[in-house]
Amino acid sequence: MEIKFKNITKSFGNILANKDINFTISSGKIHALLGENGAGKSTLVKILSGHYRADDGEIIVGEKKLELGSTKDSIKNGIGILAQDPLDFSNLNVLESFIVGSKNSNPFINIKGIKKNILEQFKKYKINVNPDDQIRDLSVGERQQVELIRLLFNGTKIIILDEPTNGFSLEQKQLVFEVLKSLNEVGFIIILVSHKLDEVLDLCQEATILKRGEIVSTVQLPCPSDQIIDLMFDSKSSVKVNNKKESLKNSNLGSILINFSKNPKSIQYYDQNINFPCGKTTGVIGLQGSGADQFIRDCFSGKIDITIKNENSDNFIPEKYFYYTPSDRLEKGLFNELKIYEHVAISRFSNSQIIDWKKVENKSIQLIDDFNIKGEKSTLASELSGGNQQKLMLALIPEEIGLLLMEQPTRGLDVQSASFIWRKIKTRSNSDYGSIFSTTDIEEVWAYSDYIMCFSGNSITHFSDKSKISKNEIPYLISGVNSNG
Amino acid sequence: MDNKLKINLLNLGFITIKLLVTFLLISLIILLLGGSPSEVMESIIYGAFGKPQKIVKTLLIWAPIALASLALLITFSAGLWNIGIEGQIIAGSIGATIIARSALGESIASPYIQIFIGLIFGGLWGLLCGFLRVKFNVHEIFGGLGLDFVASGLIVYLIIGPWKRAGIASTSGTDIFPDASWLPTLGKYNFQIIPLVLVIGSFLIIFILIKYTNLGLRLRATGINPSSTSRYKINSSLYFYYAFAIAGALAGIAGVVQAAGFHHKLVPAISGGYGFLSILIVLASSRNPIITMILSFFFASMIAGGSQLQLRLDLHSSMISIILSSIVLIWLVMRSSYLNNMFNKITSRLNLEK
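Residue numbers (the numbering used here), protein chains in the order written: chain A, 1 to 485; chain B, 1 to 354.
Since the hints were derived computationally from the structure, they do not count as laboratory data.
Don't be surprised by glycine CBs; every beta carbon is placed ideally from N, CA and C.
One should not assume that every hint holds.
Derived, one-sided and incomplete: chain B residues facing chain A with beta-carbon distance under 10 angstroms [claimed, not checked]:
#	residue
1	Lys-211
2	Tyr-212
3	Asn-214
4	Arg-218
5	Arg-220
6	Ile-224
7	Asn-225
8	Arg-231
9	Tyr-232
10	Ile-234
11	Ser-237
12	Leu-238
13	Gly-272
14	Gly-273
Simulated restraints, written as ranges between beta carbons of each label pair [as the list claims (entries may be wrong)]:
#	chain 1	residue 1	chain 2	residue 2	range
15	B	Ile-294	A	Ser-378	22 to 28 angstroms
16	A	Lys-76	B	Leu-196	35 to 41 angstroms
17	B	Leu-5	A	Leu-175	55 to 61 angstroms
With a straight-line Cα cutoff of 16 angstroms, these simulated EDC-like cross-link-like pairs (lysine to aspartate or glutamate) come out [said to hold, decoys possible]:
#	chain 1	residue 1	chain 2	residue 2
18	B	Lys-211	A	Asp-230
19	A	Lys-363	A	Glu-376
20	B	Lys-211	A	Glu-178
21	B	Lys-233	A	Glu-319
22	A	Lys-124	A	Glu-178
23	A	Lys-211	A	Glu-199
24	A	Lys-4	A	Asp-230
25	B	Lys-233	A	Glu-400
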């Protein structure tokens, strides 16, 4: 079977997301779509899955022309997408979401049978989810895992994975990759959208590289990663994660004291308080679904007390200086139908009742430039790619000193965007009270933290200065004593 | 020709086509109801604008509809379905009646006190709906509908109970307000300036609020995604309250205009159904303040002119409601139709050529 893209073109307002895309994907080779954030990969696969309607062009699946912009027709043709932000029903439980999507037209549903089937599948892929759990209570990663199983369950023959593996643990990832490889051998078409080269090289036999909405080239894999990087990015830049030593500028602000005495029930926190000097960065690492993200949210919502401690006093940080960026960018971080400059007005010009739009627009242009956001001042947040949404969230943080609380700040971002974002965080973090971020990526926590906190399941298994822990210990600390099961 | 101009022209063309289609379908409906489209339309226009006193009456009908529509612009901005607007209009009119029946009713200041009290009553009735939503998680559609029923019950009770006319308790209404409690009129056609001033003033305030203030922007942000508000230090509950208070106040003023300007007494159907009608108006105008004003004027003219249908053509005046609701329906259908997709496709292609 083959999927042929012919002259696919799509724009959002003034942003051209895909321009004259022509290429063919055939079964037998796992195909990768590569490109930096905003290159148009997600748009392209969402056109294939029917979530977006292309402005022009056509897609031929096998012999049939796909009806564009119809998710129904895409599903009928066996196309299923595992999206970066899961496209599921947050108000159903896991079991119900399987039943809703099933093609079974029999009005009497064998719920027990389905449940058993689901449990078997979950066991096979080592997924720790109960079919009776509400989808909205799952983490993004768990939702992705459930989604993948659901797609297979519903007889999907063409599987699109849109930056999915951020949600998988290493072990699960390997399992999933094995599954994908064997599915590929029996004729499934598998498309992996990613910017993680190691992953692509591991899984795929063919890669199409996009840049600014256009196809640069299709290459056969394996091939040297340098060659691909050259194709993906404009200028050769250090793609290696910067392991720059922090200047040990001792901040005279005192230290950040995290006090667990309120101890929310959902998480087993330390029984002792912890602290780190102001101006430092604490990385909170845990596997997908661990309490790391919840910890960040609890810090923000005040379920955990955070104070500044210096020689003579304990000071609460006023609530307005807690700057939080969630991992669900569109759901909890931005307003999808507001324009960039309206976000700027809300976050940066909140003091004046009457808005001076001229000033707001100038500031917006400056921030867009400063944070290298691929969009214009009147672009809607929903029209931005994931990476640019993340940059926008950071750009909106006021310049005043504060405490940065970031949930997976580089989730789904390519190396270049990620290192850009870290540069931006680091330029301000020395003079801030401090920053705390969660991540699932050991490399990231190692590269950017001064202090490291490890989560295994819902409990903190470690907290210390980075110098007191070795990188090799981290995998054990986050998975070793998996008390939750 | 530059692309921007082309797109604007195309846009205009599409709107014209839509208007034409609406017009044709309405004519068809009139034919089906046994009228002649040209006669019906002619008598509506005559009924609304044929004589100076008819224009005066049209403007008086427009005022409460416009005020209620402005109220709904605010609640819709905050993502709220303010079905409770009918109750808020009633609350305002009850406030007006309290003043008119009190010692203050004989005072020359009575109309202005009525407006103030109506505003407060409407605002409080609106806040009640917000309170149910925020504190008890009662969706505003259910809360609002419930409060509408309470308000209609209350007004009937007041009219046949404590405020009944001497000797008779009838649902035809209370005693006529004292003259001093009527909204003052100008000239021989009894033109009322106050409702018009209220509409224009409210329009300017709402327009500025939505376009130029942080409050308006935050209301919209809350409406789009309440889950994102906390990271911007926006207290979404507070903004729900603001929206309901502002909307309720405007609806309350509409109630005062109905009581002190139009009926000069309290009647059970004091709201005239204008609250629900305004929901249609705001939906059909895609929440654009200017279009809302124009559309509400258009609808008011239809209602004012509709009274002529019975007199001149022996058609039942309810035909006008059928026509009005059909217009909204047809318009909404066309807004989300293939026509629009076609239009978007063409404009985006033009965008690409840039």
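Checklist entry - What hints, given by number in increasing order, does this structure fail? => result As far as the earlier hints go, 11, 12, 13, 14, 16, 18, 20, 23 and 24 are violated by this structure, in ascending order.
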